[in-house]
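Protein chains: 2
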Amino acid sequence: MDSSTKTSRPRLVVLGSGWGAMSFIKSLPANISEMYEVVVVSPRNYFLYTPLLPAVATGTMEERSIVEPVRNFIIGKEGGRGRRLLCSCSRACPLRRCCFPAAAAAATAAAAAAVATAAAAAVGSVNNTFGIRGVDQYCFYFKSIEDAGRLRARVSECFERAALPATPEEERKKLLTFVVVGGGPTGVEVAAELYDMIECDLSKLYPNIVSIQIVELMDHVLSTYDRAISIYTAEQFKRAGIKLVLNSRVAAVEDGCVRVVNKANEVTEIKFGACVWATGIAMNPLIRQLQEKLPGQSHFRSVLTDECLRVKGSDGSIWALGDAATIDQPKVSGWVANQQGKYLAKVFSSTKITGNPEGGGLRVRVRARARARGGWYFHKGSAAYVGSDKAVFDLPRLGPLTGTGAGFVWKSYETMSQFSFRNQCLVAADWLRTKIFGRDISRV
Amino acid sequence: MDSSTKTSRPRLVVLGSGWGAMSFIKSLPANISEMYEVVVVSPRNYFLYTPLLPAVATGTMEERSIVEPVRNFIIGKEGGRGRRLLCSCSRACPLRRCCFPAAAAAATAAAAAAVATAAAAAVGSVNNTFGIRGVDQYCFYFKSIEDAGRLRARVSECFERAALPATPEEERKKLLTFVVVGGGPTGVEVAAELYDMIECDLSKLYPNIVSIQIVELMDHVLSTYDRAISIYTAEQFKRAGIKLVLNSRVAAVEDGCVRVVNKANEVTEIKFGACVWATGIAMNPLIRQLQEKLPGQSHFRSVLTDECLRVKGSDGSIWALGDAATIDQPKVSGWVANQQGKYLAKVFSSTKITGNPEGGGLRVRVRARARARGGWYFHKGSAAYVGSDKAVFDLPRLGPLTGTGAGFVWKSYETMSQFSFRNQCLVAADWLRTKIFGRDISRV
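Taken in sequence, the protein lines are chains A and B. All letters in the first sequence, in the order written, are residues 7 to 450 by the working numbering. All letters in the second sequence, in the order written, are residues 7 to 450 by the working numbering.
Warning: the hint list may mix true and false statements.
Note that identical chains are pooled: a pair holds if it fits in a single copy or bridges any two copies.
[Claimed, not checked] List time: in silico DSSO-like cross-link candidates among lysine-lysine, alpha-carbon distance up to 30 Å:
id, residue 1, residue 2
1, Lys417, Lys441
2, Lys32, Lys441
3, Lys299, Lys249
4, Lys244, Lys348
5, Lys210, Lys348
6, Lys299, Lys277
7, Lys417, Lys318
8, Lys441, Lys352
9, Lys244, Lys352
10, Lys32, Lys244
11, Lys149, Lys277
12, Lys210, Lys352
13, Lys210, Lys32
Treat the hints as calculated values from the structure; they're not laboratory data. Everything numeric in this text was worked out from a predicted model, so none of it was measured.
Between the sequences and the hints, there should be enough to build the whole structure, so can you do that?
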């Protein structure tokens, strides 16, 4: 790092540009650069509003409507002195309070080392194949904007191929079978959006022998939700012709074919045009490295933190949030990345963190906040879109909420949840465009 | 081709999905499927509104706003019997009235052969490197939606790299130098859009040491336009800081460096972050194959046709339009693909083409149309956007028109020229979005 960046302020390094990191940065006060030199390290230069990713995969929503440049979050907070690195962090040495980010796929950019006084790790999780053969090769993951774009292109390709007069009937059937592995909110929403697209836009243009199937390990989808919601969703999917393959696990994936095993150990083969892997998250390699270097860290998916989000064994210099963190107290385990980010911003703006262990003040404050809070579950994954303008909500006090009314609430909520007025407008315009003109089927 | 497509109607094969092909298909009457079995053969399933491609490369316009699915053009014209093939035509045997389309990059789709009674070749041209070393490897072409997307991603990458604190000053300067080869309408508009993006959206976020340079063989840009327009554009670019490297040809392109030779044979090296090749079109390989099989064909870039657009030597069974065609009479040489498509649609809908040579009736009709027509030049390339909301028009009767007023006319014209109401709305919304919120700098 060149000399111009040397300052007397402590350096605060933020790893990642997802929910936790962005909500943290957005909540920092405008004068934060007087207290810290803030450095954001991420391989992406934008924040992605993940809940609407299934809508992007079918063209209900456009890619650019749900991404937000990281630089927009730090405008006005730099004071001309703050800096941002575009790097992917490839190695972290927490005990030396130092990380070496190497420029992402950069042949020309020199590697830069950022010596951190304090670091906030918010790098999220990565996909987990559970070691199942063929998943990495033949399935579509569903975490990034590129994943959504790839799926959209593949679905379009399947329909085009199926429309060729030379395509035999069996091949046509295979091409128009879409398998989603995982009956959680992501899997359910991908299936619902696919159904919407086919029903509204494709059935009038292409041969309509489409089959959408969800493979789920449990005996019902949305298993973390209220049971009434699972039942409602199953009924809704039955009406829509979406097939639920329950009590089944994936044994292997081959080119155009997934092998599914049910509880009775019977093997079924499902031939597909596209298979979406919407299940399983694993520890980010960066967090694994961090874990290996710290004492007392043993969790299988994230680093342990205290209730102030400070990583255990890091001597108060590293804070973790979102999927990267597991809080060592059951009662606050549901804190979502978004709220953690806001909380952490309060901590950093009210107290000058110098890297030394802090006293009990923070602890007291966070405990009070945790008690005062009730509806966190509403924010994280307890709403899902189930197709045909219907949605389901699992609200902790009001109970389950389903149907077209819930669908309208869901769309409004997702629109208003965008971080900027710009994206709120774009998302609203996209719903409107899809309603009026339908989805674009161009294979761009 | 399977038996279900065998009909008694003559088969009309349309090659391509660009300006000529789409304007032809759009102008066909709704009952065309009673007369012909229409088959569209193209590697793309969408039409691209090319004049707004420079705007897409900078994010002024979104990709999906200027593409139109081919299927939308043929809805209502199929009568349930018309068919469309998604194929790229890899070999054409005109004398046998037969072409063998092979599915584009298709391992699974079987190759299909379409026996044509009549064929309309509207496949456009391809890029021409003039044999200059390194162009294919290091330059960005500018013909397809993928080209625009790649350029957008590269420009974003250049700015991100330049913003890294570890990037040395010289490298930063190189990264932020953008070279456009070719001072025609495309080159001018790419430079203008780049300037707009940097001026409006990037200069407040990134180090602003940007240089945009246009390399042009002639002594002025827009050399096919009225001289007053060239001078106006040069002045406008001077104010904007866009450098014109005139009287110069490109000798070679290397990784990050273009070698330019002026009239005095002096060699200059320009280091760049991105270099756009906006000059030179070459004959489509398909048209070359067609040419080789027909007698009396010798033009270096397209097939010769008579004034009815019938390919010479094809016995009246093949018609060519757009860049694929050169009409063997100077006075109609300016017909644009769009108007050719409309004309050809009239021919096909009013006369049953059976593949036999036609009499003089068509000839008379087309001559009358050619005489009656005046303003064709307005449609093809005689308007250009020059940045800062300004545009230039070269109108055959009114003379040159320049400035902000012309810019407004240009934007209105491009908006209304979209083939569908949907895209008119999307393009208008994109202008508005860019004005209000600026361009998205996310490196999606």
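Outcome of the hint check:
no. : hint             : verdict
1   : Lys417 to Lys441 : both (13 Å within a copy, 26 Å between copies)
2   : Lys32 to Lys441  : between (32 Å within a copy, 24 Å between copies)
3   : Lys299 to Lys249 : neither (46 Å within a copy, 54 Å between copies)
4   : Lys244 to Lys348 : neither (41 Å within a copy, 48 Å between copies)
5   : Lys210 to Lys348 : between (47 Å within a copy, 27 Å between copies)
6   : Lys299 to Lys277 : neither (45 Å within a copy, 44 Å between copies)
7   : Lys417 to Lys318 : neither (39 Å within a copy, 59 Å between copies)
8   : Lys441 to Lys352 : neither (41 Å within a copy, 35 Å between copies)
9   : Lys244 to Lys352 : neither (47 Å within a copy, 49 Å between copies)
10  : Lys32 to Lys244  : neither (42 Å within a copy, 40 Å between copies)
11  : Lys149 to Lys277 : within (24 Å within a copy, 37 Å between copies)
12  : Lys210 to Lys352 : between (53 Å within a copy, 28 Å between copies)
13  : Lys210 to Lys32  : between (45 Å within a copy, 19 Å between copies)
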